[in-house]
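**Student:** Fit chain B to the supplied structure of chain A, relying on the hints for placement.
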Amino acid sequence: MVGVQDIPETLDDSALIAQSMADPECFAALFDRHADEIHRYAARRLGQEPAEDVTGEVFLVAFRSRARYDRSWPDARPWLYGIATKLVAQHRRAERRRINAMAKVSVERPGTFDERSADRVTAEQLQPRLARALTRLSAAERDLLLLVAWADLTYEDAAVALGVPVGTVRSRLHRLRVKLRRALGGIDPFAEEPQHG
Amino acid sequence: MDDEIRTFADGAPDVPPYWPEARAKARERLLREAREGRGFRFPRLGWQAVAAFGVTVALVGGVAVVLSGQPGGPGPGVGTSVALTTGELDPRPGQFIVVESDTMYTSESVDGSGHSRWLYRTHRKIWRSADASANGLLLIEGREPKPYPGEALPEQARDWRGSDWMQLASCPGRLAAWRTDYAYLSVLPTDPVILRKRLYERASGGKPGADADKQAFVAAGDLLRETYMPKEQRDALFMAIGGIPGVKAAQNVEDSAGRKGVALGRDSDNGTLEQLIFDPESHLLLGERVTVIAQKDGRPPVGSVLALTAQLNVSVVDKLPDAPNVAADGSCSVEQASASPQPTTVPTPGPTDPQPAPTEAVLTEEPATDEPAAEPAPTEPNITEAPAPVDDAPEPAPMEDSPAGS
Numbered sequence: 001m002v003g004v005q006d007i008p009e010t011l012d013d014s015a016l017i018a019q020s021m022a023d024p025e026c027f028a029a030l031f032d033r034h035a036d037e038i039h040r041y042a043a044r045r046l047g048q049e050p051a052e053d054v055t056g057e058v059f060l061v062a063f064r065s066r067a068r069y070d071r072s073w074p075d076a077r078p079w080l081y082g083i084a085t086k087l088v089a090q091h092r093r094a095e096r097r098r099i100n101a102m103a104k105v106s107v108e109r110p111g112t113f114d115e116r117s118a119d120r121v122t123a124e125q126l127q128p129r130l131a132r133a134l135t136r137l138s139a140a141e142r143d144l145l146l147l148v149a150w151a152d153l154t155y156e157d158a159a160v161a162l163g164v165p166v167g168t169v170r171s172r173l174h175r176l177r178v179k180l181r182r183a184l185g186g187i188d189p190f191a192e193e194p195q196h197g
Numbered sequence: 001m002d003d004e005i006r007t008f009a010d011g012a013p014d015v016p017p018y019w020p021e022a023r024a025k026a027r028e029r030l031l032r033e034a035r036e037g038r039g040f041r042f043p044r045l046g047w048q049a050v051a052a053f054g055v056t057v058a059l060v061g062g063v064a065v066v067l068s069g070q071p072g073g074p075g076p077g078v079g080t081s082v083a084l085t086t087g088e089l090d091p092r093p094g095q096f097i098v099v100e101s102d103t104m105y106t107s108e109s110v111d112g113s114g115h116s117r118w119l120y121r122t123h124r125k126i127w128r129s130a131d132a133s134a135n136g137l138l139l140i141e142g143r144e145p146k147p148y149p150g151e152a153l154p155e156q157a158r159d160w161r162g163s164d165w166m167q168l169a170s171c172p173g174r175l176a177a178w179r180t181d182y183a184y185l186s187v188l189p190t191d192p193v194i195l196r197k198r199l200y201e202r203a204s205g206g207k208p209g210a211d212a213d214k215q216a217f218v219a220a221g222d223l224l225r226e227t228y229m230p231k232e233q234r235d236a237l238f239m240a241i242g243g244i245p246g247v248k249a250a251q252n253v254e255d256s257a258g259r260k261g262v263a264l265g266r267d268s269d270n271g272t273l274e275q276l277i278f279d280p281e282s283h284l285l286l287g288e289r290v291t292v293i294a295q296k297d298g299r300p301p302v303g304s305v306l307a308l309t310a311q312l313n314v315s316v317v318d319k320l321p322d323a324p325n326v327a328a329d330g331s332c333s334v335e336q337a338s339a340s341p342q343p344t345t346v347p348t349p350g351p352t353d354p355q356p357a358p359t360e361a362v363l364t365e366e367p368a369t370d371e372p373a374a375e376p377a378p379t380e381p382n383i384t385e386a387p388a389p390v391d392d393a394p395e396p397a398p399m400e401d402s403p404a405g406s
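Chains A and B are the protein sequences, given in the same order. Going by the working numbering, 152 is the number at position 152 of the first sequence; the sequence numbering is gapless. Going by the working numbering, 13 is the number at position 13 of the second sequence; the sequence numbering is gapless.
Since the hints were derived computationally from the structure, they do not count as laboratory data. Don't take each hint at face value.
As the list claims (entries may be wrong) - Computed from the model, here is a short list of chain B residues facing chain A with C-beta under 10 Å:
1. F8
2. E33
3. R202
4. P301
Given the structure is predicted, the values throughout are model-derived calculations rather than measurements. By construction, the Cβ of each residue, glycine as well, lies at the ideal position given by its N, Cα and C atoms.
This is chain A alone, in the form it adopts within the complex (with noise of 0.2 Å):
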């Protein structure tokens, strides 16, 4: 019965993950150690309030499976990525409903935001163009680019993550990157074109 303060920085998530199993209340320290990277990637694709909840479900998914994590793998991120991914599948409607605002918040109210708010808008959303691409990609797409561009995930996590070879990570992202160009390519940022999809 460790307290987790006892917890050294230098073990890494895997002996930490290995320890918790015969310490339960061990697992906390891998909370404190991605919390927050899990809910900025979590609160990016789905905005604040459903972050929060699947931050939280996410460590309690982990904590549950945790006898079968892998071992051979030093860093948990790859695997608390996974479970966040698979998480944010169960709010793809929200999803899909914040995207499409995001989408339009420049078409509905052209030029009627001064600097701050616009500032705002492009800050804290994502900017029209980008939403408007991402409305054209399958979920399993917009997962893997969402995994690699805003987890920052390498190519070997991201195939750890979505539990597929890296190889087919690789060509789906060779196809994503095609269709990605033809999204986005020419289209002006604030244009009214009009985007079916």
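**Tutor:** Chain B in isolation, oriented as in the chain A frame:
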């Protein structure tokens, strides 16, 4: 990162930081789960409502009572005490095993106001499907806490009253070698040496090392805590634990109900002795005990007891009780999410090989005593030379169809 993907990375929406209150709440929720779920818990899923329960047979760790007869069961009359050696439970597929216990464990928490700890106590009653075919149920009732040795009882420990019903979802396919249902336990190897290897495999993928010994001991505790297995497996497990390096036996160790048994214990890394206390004859688990054995900074004096439990009785019932306000258990529904990472394409032979269904093979009236055929155990070769990755752990009884559970 390529251009298009870079564009998305640069354009990622700025989001506000994790709201501290929400963060603290999520962390506390996790810690609560960690405290309640000592030992491995079933992941969770939707709950099947059922009618009032019918008790059939109760077996007691020295205190057992048979409440009513069961066809083919050892049927003394209602309210009769059963000696440990005479009564063995005979759970059938579809029935539930009920274990009642008193527990006391250390609770430690760190929050904004600092570090606090105390010994929290509960009474637990757990129902689990004998063949993992249905969800289970857990009732936790608070009991008056005790202060951590040498310290005052912190304010937050005073809020202990009340009880909680929790659903325990059953996903045997996902748990694989970490199952603890009767159907799984009743086909464990009855050879202590083979069973000991199984403990190492379960704990650490079969990799050797000092940590592996510790983990194997923990794995043994997980198999015993709030479970029931046939006498043959209990005997083998008792011997297997005794064979783990660092394990020492002690006589006349008391559980929290005051029953004395033989304890198998191991020193932990942090100056405590962790003991599993057994009935000397039936080898049923009586309880657990954690005692301070080495003085350390910030630790209580040698001899202080930091955890003490008692498994009071084990019984079999046909149905789950009607329970109010059951906390749903949704973890089986994210089955995919919680699978562990598969970094590379590990070619697994696949658990599809035909294996005997344990529920039919074992849950018979008279378990065949000398027949190794009762063990599917095609798995032993895995564990000796090449440590198998965790996910390759053997799956003696893939019980894919869980009619009531999904």
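**Student:** Now, for every hint given, state plainly whether the structure supports it.
**Tutor:** Here's how the hints hold up against the structure:
1. F8: 4 Å, holds
2. E33: 6 Å, holds
3. R202: 9 Å, holds
4. P301: For B:P301, the interface hint is violated, since the closest Cβ of chain A sits about 16 Å away, which is over 10 Å.
In the structure shown, a violation is registered for the earlier hint numbered 4 alone.
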